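If you read the sequences in order, they're chains A and D.
Heads up: the first sequence begins at 1 in my numbering, then just goes up one per residue.
Heads up: the second sequence begins at 1 in my numbering, then just goes up one per residue.
Treat the hints with care, as some may be off.
Unchecked claim - Some chain D residues flagged as far from chain A (calculated, every beta-carbon gap over 10 Å):
no. : residue
1   : G28
2   : V30
3   : P70
4   : V74
5   : E85
6   : A88
What the hints assert, rightly or not - Computed list of lysine-lysine pairs in BS3-like fashion (alpha-carbon distance at most 25 Å, straight line):
no. : chain 1 : residue 1 : chain 2 : residue 2
7   : A       : K106      : D       : K57
8   : D       : K78       : D       : K11
9   : A       : K42       : D       : K78
10  : A       : K37       : A       : K68
11  : A       : K42       : D       : K11
Note that these hints are calculated values from the structure, not bench results.
Everything numeric in this text was worked out from a predicted model, so none of it was measured.
Idealized CB from N, CA, C, for every residue including glycine.
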Amino acid sequence: GENVEQHPSTLSVQEGDSAVIKCTYSDSASNYFPWYKQELGKGPQLIIDIRSNVGEKKDQRIAVTLNKTAKHFSLHITETQPEDSAVYFCAASYSGGGADGLTFGKGTHLIIQP
Amino acid sequence: GAGVSQSPRYKVAKRGQDVALRCDPISGHVSLFWYQQALGQGPEFLTYFQNEAQLDKSGLPSDRFFAERPEGSVSTLKIQRTQQEDSAVYLCASSPGPISEQYFGPGTRLTVT
Numbered sequence: 001g002e003n004v005e006q007h008p009s010t011l012s013v014q015e016g017d018s019a020v021i022k023c024t025y026s027d028s029a030s031n032y033f034p035w036y037k038q039e040l041g042k043g044p045q046l047i048i049d050i051r052s053n054v055g056e057k058k059d060q061r062i063a064v065t066l067n068k069t070a071k072h073f074s075l076h077i078t079e080t081q082p083e084d085s086a087v088y089f090c091a092a093s094y095s096g097g098g099a100d101g102l103t104f105g106k107g108t109h110l111i112i113q114p
Numbered sequence: 001g002a003g004v005s006q007s008p009r010y011k012v013a014k015r016g017q018d019v020a021l022r023c024d025p026i027s028g029h030v031s032l033f034w035y036q037q038a039l040g041q042g043p044e045f046l047t048y049f050q051n052e053a054q055l056d057k058s059g060l061p062s063d064r065f066f067a068e069r070p071e072g073s074v075s076t077l078k079i080q081r082t083q084q085e086d087s088a089v090y091l092c093a094s095s096p097g098p099i100s101e102q103y104f105g106p107g108t109r110l111t112v113t
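Model the full structure from these sequences, guided by the hints.
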């Protein structure tokens, strides 16, 4: 089955700086890669996703890049703000997202220092 | 609009008791998923429904775990004879279709004492 590794486990950045979280996956058949943000006591919230036919996707301060050859994908957050503090999870799926279970990484605790 | 809802939000069970956790997906969503999230870990897939059909139950950890979605809407995850290792947050997610995103509910935190 699929295995997703995520690094770092904790990331502390100054407010206004950029944050980068990296994930690798094992199964080349995976073709859908979402990123979720989870705040304490809440369920994961989808923030951005990318499919295997795309190399990069942006949404305001958030971007995701995918390298299918190397089997890794990354989340980039620019101009970080205090409300970005949370745990971020990457995930991978064989289908388009709604037809099989997601395999998650272990999460990155992002801390934004004021 | 209304998101995925789950009840109860918190459940404390004594070891050996049976529990039932409910998920109300977003209206009209075809796909429904259950995940288990241990403290400090990422969610782990348990089972998947498309309408009322359970298409994948490969993640259920033992035969004490059972899930159903009889009318293709609300789903129930049942755990029989709970054990301490069952303590976790149980998350439900729904999706409008096979090539769509998964939207998660707030989860049910189960504590087995």
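Notebook entry, point to check: For which of the previously enumerated hints does the structure constitute a violation, in increasing order of number?
Noted result: Result: hint 2 breaks, nothing else.
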